[in-house]
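Enquirer: Sequence:
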Amino acid sequence: MISAWPRKAGLVVLSLLLLLMAWQAIQIGRANLSYLAAHNAAEYWRKEKLTPSQESLQSALMSAQKANSIDPNNPHYLLTEALIWEWQGITLNQIEDFSKAKLLYLEATQYRPTWPVTWATLAILKWRLNEFDEEMLYFLYQAERFGPNRKEVHEAWLEIGLHLYQQKHQYTAKLIKPIRKHLRAMLGSHDKEYHRSAVNIIERHQAQRLACSWIQYDVNLAEQFNTNFCS
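Counting along the sequence shown from 1, when you hit position 77 you're at 77 in my numbering, and nothing is skipped either side.
Take the hints with a grain of salt, since some may be wrong.
Unchecked claim - Dumping the calculated DSSO-like pairs for lysine-lysine here, alpha-carbon to alpha-carbon at most 27 Å:
no.	residue 1	residue 2
1	151	192
2	100	151
3	47	192
Quick caveat, the hints were computed from the structure, so don't treat them as lab data.
All chains, full assembly: derive it from the sequences and hints.
Expert: This is the structure in structure tokens:
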């Protein structure tokens, strides 16, 4: 009778551990399903170039927040919620949503500090918030450090760089060389998406003449670019 007690106690402990593991697995599954719902919604908006409705945004945001409430240390979940806040800020023109997105992106960098796209996105958010400061420069240089050839990194440098150059900002002299470098990389890429993205950014800033002046001494780039707007 006495010798049977340790065995029963062991079975009870084992049963409790199995129940705990099962509960954790269920929670992880719930978090992942919520994450996928938000992630897939954002991917759909991006691929179809849609402007999401307020209802769609709220639904995706609730899913992302649910995933984060279950597993708050998952960088993918943090990035997805940040992305939804960013979408909402753009769609509804709500500046405060960009600040919420920024905090989540920054939190994600604590878990994945070498992901260049996160840093590039943070730099773009600073631009959207009209915050041109040392923190913005830090984000740009971090993006370049970890992903110098990533399309999103090129885009962040060109988007922000053209804006600062046209505004004659104090950082222009410091950034002019890397801006030109990223422009040349995009226009010289064999990937047409890089080239198309560069042209779109330049046209959005009405910086055709400026861009042409930057590449005029690179014969190969100038010939490619001439088909668009260099005379």
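Enquirer: Please go over all the hints and tell whether each is borne out by the structure.
Expert: Checked hints:
no., hint, in the structure
1, 151 <-> 192, "11 Å, holds"
2, 100 <-> 151, "25 Å, holds"
3, 47 <-> 192, "17 Å, holds"
Violation of the numbered hints given earlier is absent; every hint is satisfied by the structure.
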